[in-house]
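Required output: the full structure, derived from the provided sequences and hints.
Residues in the sequence shown are numbered consecutively from 12, following the working numbering.
Some clues are possibly wrong.
27 angstroms max Cα-Cα, derived DSS-like pairs, lysine-lysine [claimed, not checked]:
no., residue 1, residue 2
1, Lys-322, Lys-311
2, Lys-306, Lys-289
3, Lys-42, Lys-82
4, Lys-53, Lys-82
5, Lys-311, Lys-289
6, Lys-107, Lys-42
7, Lys-107, Lys-82
8, Lys-53, Lys-107
9, Lys-42, Lys-53
10, Lys-322, Lys-302
11, Lys-311, Lys-299
12, Lys-289, Lys-299
Simulated restraints on C-beta separations [claimed, not checked]:
no., residue 1, residue 2, range
13, Gly-80, Ala-325, 45 to 53 angstroms
14, Met-228, Thr-27, 38 to 46 angstroms
15, His-60, Ile-310, 40 to 48 angstroms
FYI, nobody ran anything at the bench for these hints, they're computed from the structure. Note that beta-carbon positions come from the ideal geometry of N, C-alpha and C, so glycine has one too.
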Amino acid sequence: MRRVMVVIDPDETYGTRLVSYFNTRACIGFKASAFSDLQTYKGFRQSVHVEILLISEAMAPEAQGMTDGAKVILLSEDGFIGNGDHRPFSAPAVFKYLPADGLAREIMQLYADDRGSAVSQVHSAQCEIFGVYSPVNRCGKTTLALTLGFVKAARGKTLLISLEEYAGIFSCITKETDSDLSDIIYCYLQGSYSWSRLKSMVHSFGPLDFIPPVRCMEDISQISSEDLATLFRRIAEESRYASIIIDFGSFGRRALELIELCGRVFMPVTEDLFSELKLNSFFEYLEKSGKEELKDRLIKCVLPREEEKAKDYARAFLSAYESGALYEYASRLH
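In structure tokens form, the structure reads like this:
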């Protein structure tokens, strides 16, 4: 049963648009409803338990006795969110006019700090994990991972996790980001990881949710492949995603432990001698490592050439990932 979040704001259009965004984001994990007056909300609260109450700071004083143990977060119009001691219910506040994805992260961070790991779990059997990996360089791995993410997101909630050493295209998607895989690794290693906390670190690109790469390439070396596999397994078990895609980037031989998590791994290659030599060396390494059975999960992909769209992909134009030859190719991968 999904937890309930309520938005109460006198601006009916604002509330409707905000809950519409919340209800399409798997990273929120709540069923959201909007009300523009307290009288209507009073009837609603009698039939459900509200977990998060997001209410206009101007209306909050009139809501005394109507919170029923919900986590109250105030919508501030002045941008001053500071200490909550002098606010109604001594509640924290968020700036009402933040972009929706930023507002969602702020809300889920406040909820995580207050409730820890209270969000219910979903068995990982409901979540498929795919990988995009290749020992061949400059073969379109990240472009395929993003496009495949759009394909899967059209069928169900999808999360992309990037293991690239550098932000690359993700720096175009998120011009300014205050959270990425570095923060998630840090929380996990400190023993403070929870899915409710991770929700506040998820970003979106169109219909696709994603976690940007580490901000410093040394951060990825701070966690063992085994711990990283455990972390990703927990995300699959505790989240509500139908699909998770791992973009291995230049993760190298450490990728083997993570490949075992994936039902299928799509391996872009190029049709030249250097690509063939690298593939042969990789398969030899699998045999020597006693992991030859992983070959059955690897699907070689020769991607269609779309030179006319190369700049659009690199500039993270949303439309580039929503259609075209590569999108059609990715839609046939299963």
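Checked hints:
1. Lys-322 with Lys-311: holds (25 angstroms)
2. Lys-306 with Lys-289: holds (15 angstroms)
3. Lys-42 with Lys-82: Distance ~15 angstroms between Lys-42 and Lys-82 Cα, so the pair holds.
4. Lys-53 with Lys-82: With a Cα-Cα distance of about 17 angstroms, the restraint between Lys-53 and Lys-82 holds, given a limit of 27 angstroms.
5. Lys-311 with Lys-289: It holds: about 13 angstroms lies between the C-alpha atoms, which stays within 27 angstroms.
6. Lys-107 with Lys-42: Holds. Lys-107 to Lys-42 sits at ~19 angstroms (cutoff 27 angstroms).
7. Lys-107 with Lys-82: holds (17 angstroms)
8. Lys-53 with Lys-107: Given pair Lys-53, Lys-107 holds - Cα atoms ~23 angstroms apart, limit 27 angstroms.
9. Lys-42 with Lys-53: holds (18 angstroms)
10. Lys-322 with Lys-302: violated (38 angstroms)
11. Lys-311 with Lys-299: holds (21 angstroms)
12. Lys-289 with Lys-299: Within the cut-off at roughly 15 angstroms; holds.
13. Gly-80 with Ala-325: 45 to 53 angstroms: holds (49 angstroms)
14. Met-228 with Thr-27: 38 to 46 angstroms: For Met-228 and Thr-27 the Cβ distance comes to about 43 angstroms; the hint holds.
15. His-60 with Ile-310: 40 to 48 angstroms: With Cβ atoms ~45 angstroms apart, the hint holds.
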